[in-house]
Amino acid sequence: MIPELGHFALACAVALAFAQGVVGIFGPGLRDPRAMTATPLLACSHFAAIGAAFLALVWAGVVSDFTVENIADFSSAAVPLLYRISGVWGNHDGSILLWCLILSLCGLAVALFGGELPASLRARVLGVMGLISGGFLLFTLTVSDPFVRLWPPPLDGAGMNPILQDPGLAFHPPVLYTGYVGFSVAFAFAIAALIEGKVDAAFGRWVRPWALVSWCFLTSGIALGSWWSYYTLGWGGYWFWDPVENASLLPWLTGTALLHCAIVVEKREALKAWTVLLAIATFSLSLTGTFLVRSGILNSVHSFAAAPDQGLFILALLGLTIGGSLLLFAIRAPVLAAAGIYAPISRESALVLNNVFLCAIAAVVFTGTLYPPFANLLFGIQLSVGAPFFNQTVLPLAAPIIIAMGVGPLLAWKRADFYPVVQRLYLAGGVAGVVFLVMVADRHIVAALGLAGGVWVLMSACTDLAQRVQLFRIPLAHSAARFVALPRAAIGAALGHFGFGITVLGIAGMTLAVQSVVVLQPGQSARLGGYVWTLTDMHDAPGPNYTQRVADITVANSSGVFLHLSPSRRFFAAQGTTTNDAAIHTNGFQDLYSVFADEPAGGGAELRLNVQPMAPEIWLGGLIMALGGFFSLSDRRLRVGAPARRKETVAVTP
Amino acid sequence: MFGVPLALAVGGGEGFYILLRRMQAQTYDPHALPSPLIGKRPPAFNLPGAAGMQGFANTDIAAPPKPMLVNWFASWCVPCTQESVMLDRLAGGGLAIWGVAYEDDAQNLQKFLAANGNPYQRLAADVDGTTAINWGVYGVPETYFIDKAGIVRWRYAGALTDDVVASTLTPLLEKYS
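Top to bottom, those sequences are chains A and B. Residues 1 to 654 (my numbering) are what the first sequence spells out, left to right. Residues 1 to 177 (my numbering) are what the second sequence spells out, left to right.
Because the hints were derived from the structure by calculation, they are not lab data. One thing to keep in mind: the hints can contain errors.
Claimed, not checked - Here are some chain A residues pointing at chain B (derived, C-beta under 10 Å):
1. I280
2. S284
3. L312
4. L318
5. G319
6. L326
7. A330
Unchecked claim - Per label pair, the in silico range of CB-to-CB distance:
8. Q24/B with E4/A: 26 to 34 Å
9. V78/B with D598/A: 16 to 24 Å
10. D60/B with P396/A: 54 to 62 Å
Since this is a predicted model, take the numbers as computed values, not measurements. Each residue gets a CB set at the ideal place from its N, CA and C atoms; glycine is no exception.
Make the full structure from the sequences, and use the hints.
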């Protein structure tokens, strides 16, 4: 009964979403005040309907209702409660429903917190979101219905893919989707602004918090996914340049560019058409990411068993959303004239430079990801593009961003002098230089460049804050007072840059990682990274829905044994699969990583041992970046909302 | 200039549309593993027989009287058991299928044939798997279509299904007979 109610709620949601879309988009044109008040209410009820449908599916998962095909295929009674819940979005149909839920949640947020917006703009924003939601809900209801019943029900479900049975993966999809889908708000603002033909400082101010929230979630989502693959998949790496990973990186790159150039719109009313295009591009790339995963068009390790006809449906939705918005852009963007002017050396120019390089990276990643299918289409050849291509093309493009990131925040708006800024950065530059020389002396050129870049970014972020509070130039107590009084956005920005520096340090440090694959009999030892790793014992151990073999390893340095690691091989009888549960010890700056890979026929254990310097910094940096974003959101300026629109701005011609 | 993004999106969308249609028609498979043997004759080999049957060498399939299949399988492979029904049916229809038992044990092979039927006209044993490496065999079961000139025209990794036979194998047989 409950699944039927869920199905019914889903059908209601489709109707409500389209109603929200039509009323929201056409209502303001009719100047009907009832339409303006109806849209937020429709957005709320639309969210309530999807919420009910989603809860019904979760309920079916929790009580293991195997008459629901989705539950029977991807869950079983033996799966622990947390994974019975997370399993709901661990498969294709359920994850699309989660996607819709989050989209409607964003609509709810605009309805609730958008009180400061002009009523017509809010209605149009909600209208655009309603139409997108309606399209995807229709997809869910017609070709990927998660409530399909199965009769007679099987005695037990087929079980859940063992590598998905992990807390990291329970939270990774919702967080990542919130990031993806959150950009729909910025997108809807851009479309609404194009319809109204008006992009001004207020637009920049409204879009930024929404883009910032989604960016924070996307950053955490990507970091979480990378961390999960690091500790679960047991291969010791953190980024594979897999098409699906790239699909999440692309909106992150353009979203980062959007965040930065929305500041320019807000402060200087320049780069308007570009900002609107970035808002459209970011959400379009999020959608394309969804499409690439669902249609199976790209060869990826992330498999979602989906049929090509589902792919066609999504492609049609994509064509309407992306094609329609870009058509609108092509028609209306020429109206958006820039008002602000600026000198070549200024904060604006630094932000333009940031945009150019971020988008260049996005273009390179996009090309590399889509080249294999299009090479097949155009030239009839089968090929794959892997990590060597991406490493060689992305890293050179990242270098100018890293250098500019240090200088940019210290430049003044409109017109800046370069040399005083460079003088202020002597400490950051000096420390980065020392790090570089030390590492070069150690003959690690790549690591030297990376570590120096990371140190440069985080030192210059600190310099920025130190300059603002005039550290050491006025008494310390005064500096502290100034720090408290600083706009939170300034602290958030510095924190974001600081976090990026930390991530760069982590990535650079990982180039120094060493690994070895050894077969040890109990009692034997291996040497790696200055440690002695000894296999002491192998034994069986029980688990909730698996059995496992555990290898006990001791790790010793010159002063004796300081660590016990117990990597295991888990055997899941329901699927007949074995997973390797890595044992990782971290001291915050280095990971000791061990995987129990196999039990060879000759006895003993095949172990993969890694020593990974700076590995934790990769995800720590991502976390700090996201925290910086959230901190910036708490800025009073954003909470108070936008002031009344300025009077007609006078266009200045240079 | 403002129309450039639209043009890019339209071009990309059209490309995706064609790819998806080809996926539906099964003429494009993003997961396909291209075989280096397509359009060529298999490299030189000479494998002994297995299960009391006659083995074969590359010269034996250099010019078969009719198009034929070379099927790589093993008694320890689960999909091979499922595939045997289809192979029996194809052999019953008059198609010549020659088998290669990949890294298999003689006794298990006997039991496998007794349990699942024997569709093979000749059966060779590749005990150490070196011939499989030379052919570029990805895993078992794997099937190669060889035309009357002895040239490999098609390779399928995985168990043959009704869909695959109907959409690919039957047209190939018509084309090369």
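For each hint, the structure was consulted:
1. Annotation: I280/A was flagged as interfacial toward chain B, and the flag holds, the nearest CB pair being 8 Å apart, inside 10 Å.
2. Checking S284/A against chain B: minimum C-beta separation of about 7 Å stays under 10 Å; hint holds.
3. A cut of 10 Å between beta carbons decides the hint on L312/A: the least distance to chain B is about 5 Å, and the hint holds.
4. Taking 10 Å as the C-beta contact cut-off toward chain B, the hint placing L318/A at the interface holds, the least distance being around 7 Å.
5. The closest approach between the C-beta of G319/A and any C-beta of chain B is roughly 5 Å, which is under the 10 Å cut-off, so the hint is satisfied.
6. Annotation: L326/A was flagged as interfacial toward chain B, and the flag holds, the nearest CB pair being 4 Å apart, inside 10 Å.
7. For A330/A, the suggested interface contact is upheld, since its CB lies about 4 Å from the closest CB of chain B, less than 10 Å.
8. Q24/B and E4/A have their C-beta atoms about 32 Å apart, which keeps the hinted 26 to 34 Å range intact.
9. Under the hint 16 to 24 Å, the C-beta atoms of V78/B and D598/A, about 20 Å apart, fit the expected range.
10. A hinted range of 54 to 62 Å holds for the C-beta pair D60/B and P396/A, which are about 55 Å apart.
Consistency note: the structure conflicts with none of the earlier hints.
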